[in-house]
Each structure stands twice: as C-alpha cells, then as structure tokens.
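Number of protein chains: 2
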Amino acid sequence: MLSIGTLAKRTGTKVQTVRYYEQIGLMPEPGRTDGGQRRYGAAELDRLAFIRHSRDLGFPLEAIRELLDLSDSPEKSCAQIDAVAQRQLKAVEARIARLQSLKAELQRMISECHSDRVADCRILEVLRDHEECLSDHKGPDL
Amino acid sequence: MLSIGTLAKRTGTKVQTVRYYEQIGLMPEPGRTDGGQRRYGAAELDRLAFIRHSRDLGFPLEAIRELLDLSDSPEKSCAQIDAVAQRQLKAVEARIARLQSLKAELQRMISECHSDRVADCRILEVLRDHEECLSDHKGPDL
DNA sequence: GCTTGAACCTACAGTTGCTGTAGCTTCTAT
DNA sequence: ATAGAAGCTACAGCAACTGTAGGTTCAAGC
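Note that the protein sequences, when read in sequence, are chains A and B. Residue 56 in the numbering used here sits at position 56 of the first sequence, with consecutive numbering throughout. Positions in the second sequence are counted from 1; adding 1000 to them yields the numbering used here.
Since the hints were derived computationally from the structure, they do not count as laboratory data. Since we're looking at a predicted model, the values are computed, not measured. Glycine included, each C-beta is placed from N, C-alpha and C at the ideal position. Accuracy of the hints is not assured; some may be wrong.
[What the hints assert, rightly or not] Derived lysine-lysine pairs resembling BS3-like cross-links, with alpha carbons at most 25 Å apart: (1) B/Lys1076 <-> A/Lys138; (2) A/Lys103 <-> B/Lys1090; (3) B/Lys1076 <-> B/Lys1103.
[Said to hold, decoys possible] Covered by chain A, according to a simulated footprint, are these stretches of chain B (three or more residues, beta-carbon under 8 Å): (4) 1014-1021; (5) 1024-1038; (6) 1047-1061; (7) 1109-1119; (8) 1127-1133.
Whenever a hint applies, use it, and build me the whole structure from the sequences.
Shown next, in the form of structure tokens:
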C-alpha cells in the first residue's frame, strides 16, 4: 500500500493534485488508515499514471474522464477513443497554426525596429495598429 | 464621447472585459455621466486597441502593462520594449516546440491503432505507458 | 413629456487545472 | 517517548476573462 506522497512521487504529480483529482471524481476515494490517511494500491497507481500521461499530451481533464470511462468497456469498439484522440490532435494543430502566425508577426516587428527611441519604436507602432500586420492572428485561446 | 458598449465594439472586446481591465488598473478610470455611466475619449480607444492587439499576439497582461508604462517615456531607449517582445517570441517558440512533439506523438498513436476493440486499442496502451513514447513531451504549460 | 427597451451599473460566482497556505493530526524512525 | 516528516481539511489565489442577478439610466419614438 502506498501513501499519497509515494503515489505522487512515482507518477510525477503533486500531492495536492492527487487530492484535487479525487475531489473532481477523476480518482476514486481510496482506503484510509485508522488515522485517516489515504492508502493506494496498484490500480490507483496505473490510473494516475494514465491521467498524468494524458495531461502531458495536452488532453483536458474532461477528455481524460471520457477515456477512462471508455476503457471500462473493453469489448466495445474503440471508435470513440479514436475520436477523442483526433479531437485532441486537431486542437493541437490549431494551436500550432495560431502560434506560428504570432511568431512570424513578432519576428517581423522585432526585426523592423531599427530605432533607438521609444518615440518611434516599430514594435509599439505595430501594436498600436493592427493594420500593420500581415495576418489576422486572432483566435480564442492560445 | 463613447459609451462602454461602443468602445468595446470598436475594439472587439466584451464590455465586461473593459471593466475588468479598469479594475486591474490597465485601463484608467474614465469620466462618468451624471447617471454614473462610463464615457470614453480617443485616448482610451487607442489604449484599449493597443491592449487588445497585444493580447491577440499572446502578450500576458503584465507584459502589456510594462509596454504601456514604457511608452509613456518617448525619449528613452526602446531596448526594454525590444526585450519584452523578445521574451514573448521565445515563449511562443517554446510552445510551438512542445506542441509539435505532442502532435507527433498523437499522430503516431492514432495511426498505430488498427484494432477495433477497446481491449487492445493502441491509443490507450500508449497513454497507459509513457515508455511507449518517442519523446519526452513534458513541460509546464501548453 | 412620457414610455419603453436596450444598454448600463455593481457585485459576485464560475471557468481550467492546478498550487499554496494555515492550523492541526498522524505516522515512523530513533 | 519523542521529534520531525508527512498527512489531514478547508480555503484562497493564479490568468484572463465570462456569465449572472437584480437594479438603474439613457435615448429614441410618439
């Protein structure tokens, strides 16, 4: 049996994060010692490792919840799992595209600034007026 | 003089967001009508446009605060402004690198899944075990 | 001048995914 | 037996907004 600290260390998680996952129902309520401390087994270790790895790959917690639910029905088709992964891939690709357009714009404004005084700094000029930009580079979240 | 709604519309901001910027001191407290409604002039319009455009380029609010402060000293050197932009560029590049490694991993696990049953879905297998991955793809925030 | 409805006001809760703190209790090693 | 590390709960805070409730004001049309 593992303490919460050991479980956290083994999975590269913080103790509070483990408790947070329990609070939002992503991790089950574990057994407790007589004194009230949490004790975990191998199944919980695996589940937490799954959660962490999915987070590292950028899956939102709600998607991870879906994946965990789906993996409880081993005989079903894995089409839904595929769909969740595809959705995540699309999200990642969209973010990359957005960031690349930001990168180009930032590089351009930095390279264009040959001034030395704030008064005619190209960076500020570009930030003041979106018309100075080549692309639209707007979007929801980064 | 512009109402908050007009100001928001002209800059592509939400009314609440404008009030939020005021609350955190990024926008100044504007004049008010006798009835207590906010009224804005051209300077505030420009300032908000600057903030929005900077946000669209991914600058955090604290960086924008720096830029606005710096632009109040037109005779100073623009080295600090350059530094803020460079910092943002580095942050964007780091994010792109991270996301590209996630993208590769996601593509790989999706393409490897030829199964039809959840029980032997490659996606779940990879998520269960980080050793299945090619790269480390870990990092702070996306 | 009056009415109506859109737009405004404040204040606060909720979002995502944690992280940090305070004040206390329990466990484990010596 | 005791000390200190690690655990417990509960709550506040981060970024950067967004949404809601319950009330007030503004501006246009008659």
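Hints, verified against the model:
1. Restraint check: the Cα-Cα separation between B/Lys1076 and A/Lys138 comes to about 31 Å, which exceeds 25 Å; the hinted pair is violated.
2. A C-alpha spacing of about 9 Å is found between A/Lys103 and B/Lys1090, which places the hinted pair at or below 25 Å, so the restraint holds.
3. Restraint check: the Cα-Cα separation between B/Lys1076 and B/Lys1103 comes to about 43 Å, which exceeds 25 Å; the hinted pair is violated.
4. Against chain A, the stretch 1014-1021 of chain B contributes 0 residues with a C-beta closer than 8 Å to a partner C-beta. That does not satisfy the three-residue criterion, and the hint is violated.
5. Counting residues of the stretch 1024-1038 of chain B whose beta-carbon sits less than 8 Å from any beta-carbon of chain A gives 0, not enough to reach three: the coverage restraint is violated.
6. A stretch counts as covered by a chain when three or more of its residues have a beta carbon under 8 Å from one of that chain; for the stretch 1047-1061 of chain B and chain A the count is 7, and the coverage holds.
7. Residues of the stretch 1109-1119 of chain B with a Cβ under 8 Å from some Cβ of chain A number 8, which satisfies the need for three, so the listed coverage holds.
8. For the stretch 1127-1133 of chain B, the proposed coverage by chain A is satisfied: 4 residues have a C-beta within less than 8 Å of a C-beta in that chain, meeting the threshold of three.
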